[in-house]
Each structure stands twice: as structure tokens, then as C-alpha cells.
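Chain by chain, the residues:
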Amino acid sequence: MDARRGSLPVPRVRQVGFFTPNAQPAPTRSQSGPPDSSSPPLSDSPASNSLSPVMIPPPRHHSDNLAAAPRPTSPLPVPEPSPFRRRGADNNNALLVGSYNPAETLLAMSPSSSHVGDGESEETMSGGWFRRSNSGKLASSLPSGTFDFSPVQSTAEALKPNKVQNPVGISVLNNTILAEVSARPAPKEQQPEAPSSSKQPKPKLTKAERRALQESQRAAKAAAKAVAAPEEVATIKSVKQHQTQKKDAPQVAVSVAASERKGGDKSQEKERRKDAPAPRMQFDDKSRVEKAKRRSVVDQTEAKKRVELFRHLPQYEHGTQLADLESKFLQLDPMHPAIYKVGLQYLAGDISGGNARCIAMLQAFQQVVKDYSTPPEKTLPRDLTAKISSYVSFFTQCRPLSMSMGNAIRFLKNRIAKLSPSLSESESKSSICTDIDRFINEKIVLADRVIVQHASSKVKDGDVLLVYGSSCVVEMVLLHSHELGKQFRVIVVDSRPKLEGKALLRRLVAKGVHCTYTHINAVSYVMHEVTKVFLGASSVLSNGTVYSRVGTACVAMVAHAFRVPVIICCEAYKFHERVQLDSICSNELGDPDAIGKVPGRMDVNYLNDVSNSGNLQLLNLMYDATPADYVSMIVTDYGMIPPTSVPVIVREYRRDHLLI
Amino acid sequence: MPDVQALVNEFLNKLKKRKIEGSQATAKQTAELLRSVISQQRVPRTNQAGALIDAVRAIGEQLIVANPIELAVGNIVRRVLHIIREEDLSLTTAAVAELNLSTVSDDDDDGGGGDQDDRPVLSAAAVAAAARNTLRPPSLQMLLEGAPDFVAVPRSSSSGGDSEGKSKSMDRNSRTRKLKHDIIEAVNELIQDITTCHELIAEQAVEHIHQNEVILTLGSSKTVLEFLCAAKEKKRSFRVFVAEGAPRYQGHLLAKELVARGLQTTLITDSAVFAMISRVNMVIVGSHAVMANGGVIAPVGMNMVALAAQKHAVPFVVLAGSHKVILVYIGASTCRGPMLCPLYPHNPEVLLNELRSPSELLDFGEFSDCLDFGSGDGSPLLHVVNPTFDYVPPKAVSLFITDTGGHNPSYMYRLIADYYSADDLVVQRRHAAGN
Numbered sequence: 001m002d003a004r005r006g007s008l009p010v011p012r013v014r015q016v017g018f019f020t021p022n023a024q025p026a027p028t029r030s031q032s033g034p035p036d037s038s039s040p041p042l043s044d045s046p047a048s049n050s051l052s053p054v055m056i057p058p059p060r061h062h063s064d065n066l067a068a069a070p071r072p073t074s075p076l077p078v079p080e081p082s083p084f085r086r087r088g089a090d091n092n093n094a095l096l097v098g099s100y101n102p103a104e105t106l107l108a109m110s111p112s113s114s115h116v117g118d119g120e121s122e123e124t125m126s127g128g129w130f131r132r133s134n135s136g137k138l139a140s141s142l143p144s145g146t147f148d149f150s151p152v153q154s155t156a157e158a159l160k161p162n163k164v165q166n167p168v169g170i171s172v173l174n175n176t177i178l179a180e181v182s183a184r185p186a187p188k189e190q191q192p193e194a195p196s197s198s199k200q201p202k203p204k205l206t207k208a209e210r211r212a213l214q215e216s217q218r219a220a221k222a223a224a225k226a227v228a229a230p231e232e233v234a235t236i237k238s239v240k241q242h243q244t245q246k247k248d249a250p251q252v253a254v255s256v257a258a259s260e261r262k263g264g265d266k267s268q269e270k271e272r273r274k275d276a277p278a279p280r281m282q283f284d285d286k287s288r289v290e291k292a293k294r295r296s297v298v299d300q301t302e303a304k305k306r307v308e309l310f311r312h313l314p315q316y317e318h319g320t321q322l323a324d325l326e327s328k329f330l331q332l333d334p335m336h337p338a339i340y341k342v343g344l345q346y347l348a349g350d351i352s353g354g355n356a357r358c359i360a361m362l363q364a365f366q367q368v369v370k371d372y373s374t375p376p377e378k379t380l381p382r383d384l385t386a387k388i389s390s391y392v393s394f395f396t397q398c399r400p401l402s403m404s405m406g407n408a409i410r411f412l413k414n415r416i417a418k419l420s421p422s423l424s425e426s427e428s429k430s431s432i433c434t435d436i437d438r439f440i441n442e443k444i445v446l447a448d449r450v451i452v453q454h455a456s457s458k459v460k461d462g463d464v465l466l467v468y469g470s471s472c473v474v475e476m477v478l479l480h481s482h483e484l485g486k487q488f489r490v491i492v493v494d495s496r497p498k499l500e501g502k503a504l505l506r507r508l509v510a511k512g513v514h515c516t517y518t519h520i521n522a523v524s525y526v527m528h529e530v531t532k533v534f535l536g537a538s539s540v541l542s543n544g545t546v547y548s549r550v551g552t553a554c555v556a557m558v559a560h561a562f563r564v565p566v567i568i569c570c571e572a573y574k575f576h577e578r579v580q581l582d583s584i585c586s587n588e589l590g591d592p593d594a595i596g597k598v599p600g601r602m603d604v605n606y607l608n609d610v611s612n613s614g615n616l617q618l619l620n621l622m623y624d625a626t627p628a629d630y631v632s633m634i635v636t637d638y639g640m641i642p643p644t645s646v647p648v649i650v651r652e653y654r655r656d657h658l659l660i
Numbered sequence: 001m002p003d004v005q006a007l008v009n010e011f012l013n014k015l016k017k018r019k020i021e022g023s024q025a026t027a028k029q030t031a032e033l034l035r036s037v038i039s040q041q042r043v044p045r046t047n048q049a050g051a052l053i054d055a056v057r058a059i060g061e062q063l064i065v066a067n068p069i070e071l072a073v074g075n076i077v078r079r080v081l082h083i084i085r086e087e088d089l090s091l092t093t094a095a096v097a098e099l100n101l102s103t104v105s106d107d108d109d110d111g112g113g114g115d116q117d118d119r120p121v122l123s124a125a126a127v128a129a130a131a132r133n134t135l136r137p138p139s140l141q142m143l144l145e146g147a148p149d150f151v152a153v154p155r156s157s158s159s160g161g162d163s164e165g166k167s168k169s170m171d172r173n174s175r176t177r178k179l180k181h182d183i184i185e186a187v188n189e190l191i192q193d194i195t196t197c198h199e200l201i202a203e204q205a206v207e208h209i210h211q212n213e214v215i216l217t218l219g220s221s222k223t224v225l226e227f228l229c230a231a232k233e234k235k236r237s238f239r240v241f242v243a244e245g246a247p248r249y250q251g252h253l254l255a256k257e258l259v260a261r262g263l264q265t266t267l268i269t270d271s272a273v274f275a276m277i278s279r280v281n282m283v284i285v286g287s288h289a290v291m292a293n294g295g296v297i298a299p300v301g302m303n304m305v306a307l308a309a310q311k312h313a314v315p316f317v318v319l320a321g322s323h324k325v326i327l328v329y330i331g332a333s334t335c336r337g338p339m340l341c342p343l344y345p346h347n348p349e350v351l352l353n354e355l356r357s358p359s360e361l362l363d364f365g366e367f368s369d370c371l372d373f374g375s376g377d378g379s380p381l382l383h384v385v386n387p388t389f390d391y392v393p394p395k396a397v398s399l400f401i402t403d404t405g406g407h408n409p410s411y412m413y414r415l416i417a418d419y420y421s422a423d424d425l426v427v428q429r430r431h432a433a434g435n
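Here the protein sequences come in this chain order: F and B. Read in order, the letters of the first sequence correspond to residues 1 to 660 in the UniProt record's numbering. Read in order, the letters of the second sequence correspond to residues 1 to 435 in the UniProt record's numbering.
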């Protein structure tokens, strides 16, 4: 990048919407260090850092990624009917052809397990179940086993004549299937709870499965008293075999699928489809909310007056749970204290801002990994992923995750899942810790530096820059430009109820930057003199929509109306393949009471006495979605791009994200 | 007239200290003040209308200077001036018509001045009629036929009328009393109109609000409150989003009153306007003043709402009592034609605005260490901008609802011609320039 910068001071590609030809960044600026140090490690591919932002190198790991890991990466967030069906058929074929002993077949499993239930406690049975699921590959293929049952059910009727000698087994099997079927909605419902991590549902699925198994065992116990007890060794063997079959089945299915769809192209497509984000938890769905509530650590009381339009979002009474949670601090043994601390900080609002939250979370995870020891009879990747998932759901209860955090979690889980089984526990742990460090460094810290380099090249002498709220990247851009000796003025626009701009204003003024402070209503009053608008973002969605602090859209809109360029500064790890058109469908609601109260203004207390009236609702939106039309340019660590290029970045660099 | 002066001074003080809030209250008080001025004004035997006009104008000037942002004051002064002219003319016309009917033969004796000698017999009547025409809204025909003639006429009209009246001294006393009486009657009517304009506007609510509508408004306006409540009384059920209108938080007040009247109200922050506007069917707002070009001076933040509404094709409806808020604003000093002054506001955000105290945004003391940071080199590091008003361009406004019905923004200039005499625009400007 540097070589090109030297000859072309202004990055040629990214003059979006505005261009000041006379403004050439000083050479000192363009060749300053950070890009040097930061760009190379941004991705493994050497091409990506030396290219101008338009030319996006093909992901290097794509093909071997596919070849090496055909299935395990996809924990079936989206059930795909056809492969499963085929796999089910495969399974049955294998059963019929390959197994001579009916006791070894899948169908015989249930009675045998019932005997286990007779002999030992059910927990040991499930423990045994898990003990056998040793490799990560098996672990991830395990949930798919759930889906195997439905085809089996259909084939069960066909198999009946073959199984005459064990009618009880069939009825028990049917019970099992029924249990499975009834249990299956549960994991599906829980999926949306972790919106952006597709890996999360896995442990829940298995939990549900375990429950289903136990139920079937109970049923079997009742029904199959008469059946003679075979040796336990045999049953265990049968289970084991059953699992190996299962383990094989997905691979067979994939290979069949791949051959049928003519090569990796299709399967790549399929994988991409799997990557599509799972639907989020919708809080207007009563049953799911009930289920989620039962499992939650944080005891949130629901807001009494909920805004009708936002029923699908969690609306809680704020400020009630904190004390309660604090009192639980010493009781919650499964929760790591670092996690607990960060969760409470989220809840109290002590940590805010996408980067800060993400870093805090990752560091807490790092702490967890450091203190982690694999429990006996479990494997590290599987158990750690489960643990992290439970922590993530705790975080979600404290405060809904941001998309950037979702991306980070996805990265982390992917790294854990990809750990080579040959590594020892301490090696795996240190590898994960380094990965987390690298993510923080490269995706956040260095990315910010690159963004600052790019963005401050856009600041010219005499500029009047408008910023909104408080974004740490934008603040760094301003301070860096100020350090470079550029003469400019900053207009800090702020809005209620958080008034984050005040803190930014204080820091800027302390550094000697000339500032003007105003509130968002006056934005069209001050927009006349503004030459550029710099905004931060919580996330950039792949249709170019900028999802950011509420009010950003207003500022961008007014800037657009006044023909002022709007520059968004956002790290690429915050890009997300989700799309969104409005700010209603997905948002976060803050504390409604913050709206009614105006701190520091004694004369404005109109709502003190009516705030409990039924007709009055207070709506405290946290984010809004800025349409791509209003955005002139997005500055990311990959360069300066127009909002239309966001999906390209998302598509091409996402594998890099995950692999680094 | 010492007591009048005391009244005026008191009102001036209130205006200067911004004690009077809202254009309706200001308009009403201005009209009442002017009414007492007129009633107390001792009218000379000759040129009574001129004397009244001068008196009203002198006080009006003081009022306008006291609070140049409160445009309702100037509007009411102009309205009263217009009323005086109109009443004077109607009396003159009546008198002249009578005169012409009864004393056609002896008009040679009446013509005292030499310039009057060579005028035709019915010149007085013609002059009066022409003057009346200029007070009436200008028609397209008049514009095409050459406005300058009519521009010149009104200046001589009062003197012409007076010269006519000079001869008829016996009618004088009755006419004086009649003129003042008529004017005060008309001003009373004006006050009445100002008081009832809410109701007139609110009556139209049912025509604009349908069932299950979602309405967004910003800040607080009595007109909007009445409008919404009128629709509510007609059993329409709808919900209202109220943007709070920082830093004055008038929205809280409006929300409180709406809730008290049983309306489903949701209070949102101003920053959430863009997020919510996509679910809103109509934006209904009040205004501070309406420009002749259809632009609106409204509480700060309104331009943002208007732009958001425009983006989402949501109708942006402005409620404006036509008596108090129609502003005649003369933008450039170069526009001399008083008939249809272009009246395009030049940079109204800055010219017609008022900056309020920074303490509404930042507490005093909170940044006191920063505010004088740069005192060494003269300019402080930190400025705080807290404007009161916003200018909404006419293209962002879908509809004006006034007490005379709904109007397009492009029609606003016509209403102005209805309510103000073209003469006063010029006069006002000359005085403004003098100041």
C-alpha cells in the first residue's frame, strides 16, 4: 500500500462523492508506520495488503477449506431437507446391508439403552453417550443425528416385517421418534437467542437430544420390562457402532451431494447458505420467550408498558437486576468471574462502544481459556465451545450482543473447532489465547490505525468536521489529524439521553481542538458550514446500511440534503452479511425512563407525575439504520470503499476473518 | 397619553425579556395593546387615519425592535395598519359617493388646490376606488396591466380623501367617531379571530386524520394539541409519536397533555425521528411563522423531521393560524415592487433565528475550564450553539392547514396579499432600514 501511496498520494480508487484535487496529504502522513506493520498480518494472503481496495484477492483458503472440512464447520443452523433425507436413506441402507445383528442396528438401540437405564442411572448413560463422541468432527456431526430419525420413522414402517422378533423395540423406537419430534422444536427455538453465532445451538441440541433420550429410556423402561437383559457390553458396543455409522453417514452424504451437484461450486454455495445468519430471537413469540427465561441467569423483569411496535425486542425494566446479580456473584459457580464481571459491566452500561465491548468480551474469554481445564471424559473443543456458548447467552441476557461481537464469537468458535486434535491441552489453550490476541490486535487495534491513516488523509486545512455521538475511531481520526498540525474545527453533535458527545467534547477540547457543541435538533443550523461529516458505526450491513447509534441516520440525512459528504469509519470486522432496511426490525431498546427524566434541568419535569399512565409509552431506541444513499464513503481497514462494496468485502474477506 | 405609554413600556419589557411565549399569546396581546392605543389616540380634525397610522406605526416599531424574532408582533401591527386603511377608505368611498351624488354641481368650489382643477369630476371617486383596489389582493389582470400606477396611488389616497373631507366639516365629528369606532370594531374582530383560530383549525382535523393513523409531531404547539384532540373527540383512534424537542423538551409537555386527554402517546428522542418516520402516516407540526414563499419558521429540529418525512414520502402538515403567523418577510433590499415582493427569505436559518442560552446544553461550570481555554489567543476553544428555530423550505411542506382551510405552500403569498396592505410592507422596510 505504501509504495502506491507514495506515488499516488490520494488513494485513487476511493474518491466517492467528493474529491478535492488540490489536497494532497503530506508525505509524512502517507508513509507513516502503522499500515506497514498492520497490513501484512491483516490476512495471510500477501495480495490483500498490497492491493488497492478495489482489487480484492480471492480467498486463498477457500478450496482447501472445503476439501479439508466438508462438514464439521456447519452445525446445521439451517436444516436442509434434501441432504438429510438422503443421509437418512443412506443410514438405513447401511444398516440393512452392513449389519447382520439386528441388535446392532439403530432400531435396536432404544431397547438396549433401556437396559442401560435399568442398570445404571440415566445420567451415566448420557455421560457415556458423550464420552464416546470424542472427536470434534463427531461432535459436530452429532446433532445431525437428530434429523436422522425422521426418515427412519418413515422407513420404520417398511422395516417392520424384518423386525418381527422385536415388536417392543419398534414401539419403543416410535416413542423415541415421537420424543425426538417433540423435542426438536425446542432447540430450534433456542437458536435465535444467539443471533450472530451459528455455532451456538449445538450444545443445546445435544441437551435436547439427551432429554429426548431419557424420555425414551423411561418409556422403554416401562414398556420393555419383559425383554430379557442382554449383556451391557453388547449394548455399549451397539451404541458405539451406531455412532460410528452416524459419523460416517454425513461424509457419505456430502460426497454424494457433492458429486450430484457437480463439484465444489455447489457445495461452496451450500456452505455459504449455511453461513447465512440464523433468525434472531423474536420476543413477541411467547413460548420461546418463556423457554429462554427459564434458562436465563439474569432475572429480567419485563417492562410493563411495552411499545407495541417493538414487541419483538426484549423490553426489560432497567436497573432492577443489577443488585440481584451482584448478590449472586459468589453463588454462580459455573460462571467464570471474568465473564461475570464483564456481563455486569454491560448491564450497568460501564462498557459501551462496539470495540470496547468486543475487546472486553474477548479478554474475558481469554481468561476463561487460561483457567480452563478439560473435565474428565470431555474434549476440549467441544466442552469449551459449549462453555463459551453459555457465556455468550449470559452476555446476551445482560445486553444484546452487537454484530461485531457476534463476528468475534464466530471467529473464536471457529478457531476452537479447528484446533488440531493432536495438540495437548495446554497447547490448545495457548493457541486459542494467541488467536484472541491476534484478533484484538489485527482486527481492532491495527485496523483502527489503518482507518485513522486513511481518514485523516481526508481532513484538510480549514475543514469543519461534524461528528455525532462518540465513536472511538472518529475520535482517533480527529486527534491524529490534530497532531499532524491540520487546522480544522469540529462540531460535536450530541443527543439525548446518553449525551455521549460531552465526553468526546471534553477530550477534544483538552487536546486543544476547536470545538462547537450542539444538539441534534440544531444539526441543520450548523450544517451550512460543515465540510465533512465523520461518523462511526456499530455495524455495516451488506446492503450498505450503516447500523449505528440512533441519530446517525438523521445526521447523515441532513448532511446529504446539504450536499456534505458523509464518511463512515468502521472496522471491517464489524461488517455483517445480514441486511436490514429499517430500524424497527432489529434494534435495541434502552431504559425508557431515561427519556422522561432530564437530568440537571429543574424546569423540565413535566413527566414526573404521568409516567405511569397507561397511555404514555417512552421509547428509547439505541440504534438506527442509515440507508446507503446517505453514505459517501466507508473507511475500513481494507481501504476506502463506497457502501455498495460492502457485500464484496463481506464475501471476500469473511474467510480471512475466520482464519486470519 | 401617559397610560398608553405605560402599557407599551410594560409590553416592551415583556417582549425583551422573552416573557411572552408563543405566537398566539403575543399576537393577542399586541392586538389588545394596539386597540387601546387607537382608542386613546386623540385624533386631529384632519387626516385622522393618517394620525392613527402614524401612532400605530410608531408603537409597532418599538415592539418589533424589542423582539425582532417574534414575528407575530410585526404581523399584527401590519394587520392593524391594514385595518385602519381599509376602514378609512370604506368611509371615504362612502362619503365621496354621497358627495358625488348630492353635490355634482358645486365640485368646482370644493376643489381648493390648483392641481385639482384640471382633474375630472369623478376623480375623487376614482382615486378611492383605485386605492381600494390596491388594498384588495392583486389580481392577475392588475399585475399585467401595470402595477406601478397602483403603487403610486395609495400614497396620495389618504391625502386625497382628506382633501375631499376638508370641505365637509359638518360631517367631521360624526365621521371621526365612526372611523375610530369602526377600526376598534375591526381590531376586536381580529382579536376574536386570533382567539378562535385554534378551533377553526381543529375543526378540520377529522378531514385529515383517519382511523389507526400514526402521527408524529415535534415539540409542543397548542394548535397541534387542539387539532389532535378534536380528532380524538370525533372518536378517531390513532397513536401519536412525540419527539421531545430538546433542549426545551416541549414534547414532554405535549405528551403529558395528550395522555391526559386519553391519546395513545409514545415519547421518543429527537434522534429517533428517522428511525420511526418509516412507520408514521403523517407528520403534523405547529409553526412559529410562515414565510411568503411557503417556507416555515418552526421550532428547532423541524427541518430534520421534514427531510425525514420527505425521504419516506410522509405528508408533512403544518398548522398555522393565518392571522398570526403569516409573515411578510422582505429578504433583499433590492426588491422594490411592493405589490408582489418576491419575499424569498435569504438565509432565514441565520437571519431569523435566536440563540438561546448554552446552559440548556451544557451546565454552567461543567465546561467552564474549557470555555476560556483559548482566551490567550482571543478565540475560545469551545462554542455552544443553541438555536431556537429551524427553517423548513417550502418543498418539504405538503400542506398548510390554516383557519381558512388547507393551502399549498405555493399559495401562501396570496394569503399575505389578503391580510396585509402592500403599503405597509414598504413602510416597514423603510423603518427597518432606518433602524
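Since the hints were made in silico from the structure, they are not lab data. All C-beta atoms in this analysis are idealised placements derived from N, C-alpha and C, irrespective of residue type, glycine included. Treat the hints with care, as some may be off.
Here are some chain F residues pointing at chain B (derived, C-beta under 7 angstroms) [claimed, not checked]:
| # | residue |
| --- | --- |
| 1 | 366 |
| 2 | 484 |
| 3 | 485 |
| 4 | 488 |
| 5 | 496 |
| 6 | 499 |
| 7 | 514 |
| 8 | 515 |
| 9 | 518 |
| 10 | 520 |
| 11 | 585 |
| 12 | 600 |
Stretches of chain B that chain F covers, calculated by requiring three or more beta carbons in the stretch to come under 8 angstroms of a beta carbon on chain F [what the hints assert, rightly or not]:
| # | region |
| --- | --- |
| 13 | 19-28 |
| 14 | 255-262 |
| 15 | 269-279 |
With a straight-line Cα cutoff of 27 angstroms, these simulated BS3-like cross-link-like pairs (lysine-lysine) come out [as the list claims (entries may be wrong)]:
| # | chain 1 | residue 1 | chain 2 | residue 2 |
| --- | --- | --- | --- | --- |
| 16 | B | 232 | B | 17 |
| 17 | B | 222 | F | 597 |
| 18 | B | 232 | B | 14 |
| 19 | B | 222 | B | 232 |
| 20 | F | 597 | B | 14 |
| 21 | B | 232 | B | 19 |
How the hints compare with the structure:
1. About 35 angstroms separates the beta-carbon of residue 366 of chain F from the nearest beta-carbon of chain B, more than 7 angstroms, and the hint is not met.
2. This hint is violated: residue 484 of chain F has a C-beta 18 angstroms from the nearest C-beta of chain B, more than the 7 angstroms allowed.
3. For the restraint placing residue 485 of chain F at the interface with chain B, the shortest Cβ-Cβ distance is roughly 16 angstroms, beyond the 7 angstroms limit, so the hint is violated.
4. At its closest, the beta carbon of residue 488 of chain F sits 13 angstroms from a beta carbon of chain B; the interface hint therefore is violated under the 7 angstroms criterion.
5. Checking residue 496 of chain F against chain B by beta carbon gives a least distance of about 5 angstroms; that is within 7 angstroms, so the hint holds.
6. Among the interface hints, the one on residue 499 of chain F is violated; its C-beta lies about 9 angstroms from the nearest C-beta in chain B, farther than the 7 angstroms criterion.
7. Look at residue 514 of chain F: its Cβ gets to within about 6 angstroms of chain B, closer than 7 angstroms, so that hint holds up.
8. About 5 angstroms separates the beta-carbon of residue 515 of chain F from the nearest beta-carbon of chain B, less than 7 angstroms, and the hint is met.
9. Among the interface hints, the one on residue 518 of chain F holds; its C-beta lies about 4 angstroms from the nearest C-beta in chain B, closer than the 7 angstroms criterion.
10. Taken as an interface hint, residue 520 of chain F checks out: its beta carbon lies about 5 angstroms from the nearest beta carbon of chain B, inside 7 angstroms.
11. Because the smallest distance between the Cβ of residue 585 of chain F and any Cβ of chain B comes to about 10 angstroms, over 7 angstroms, the interface hint for this residue is violated.
12. Because the closest C-beta pair between residue 600 of chain F and chain B is about 6 angstroms apart, less than 7 angstroms, the hint holds.
13. For the region 19-28 of chain B, the stated coverage by chain F is not satisfied: 0 residues place a CB nearer than 8 angstroms to a CB of that chain, which falls below the threshold of 3.
14. Note: the region 255-262 of chain B has 6 residues with beta-carbon separation from chain F under 8 angstroms; the three-residue rule is met and the coverage holds.
15. Taking a C-beta to C-beta cut-off of 8 angstroms, the region 269-279 of chain B contributes 10 residues in contact with chain F, enough for the three needed, and the coverage statement holds.
16. Under the criterion of a C-alpha separation no larger than 27 angstroms, the hint pairing residue 232 of chain B with residue 17 of chain B is inconsistent with the structure, at around 37 angstroms.
17. Proposed proximity of residue 222 of chain B and residue 597 of chain F is supported: the alpha carbons are some 23 angstroms apart, at most 27 angstroms.
18. Between residue 232 of chain B and residue 14 of chain B the CA atoms are separated by roughly 35 angstroms; this puts the pair beyond 27 angstroms, and the hint is violated.
19. Between residue 222 of chain B and residue 232 of chain B, the direct Cα distance comes to roughly 15 angstroms. Compliance with the 27 angstroms bound is thereby established for this hinted pair.
20. Among the hinted pairs, residue 597 of chain F with residue 14 of chain B is inconsistent with the structure: their alpha-carbon atoms are about 30 angstroms apart, more than 27 angstroms.
21. With a C-alpha separation of about 32 angstroms, the suggested pairing of residue 232 of chain B with residue 19 of chain B is violated against the 27 angstroms cut-off.
In this structure, the earlier hints numbered 1, 2, 3, 4, 6, 11, 13, 16, 18, 20, 21 are contradicted, and the remaining ones agree with it.
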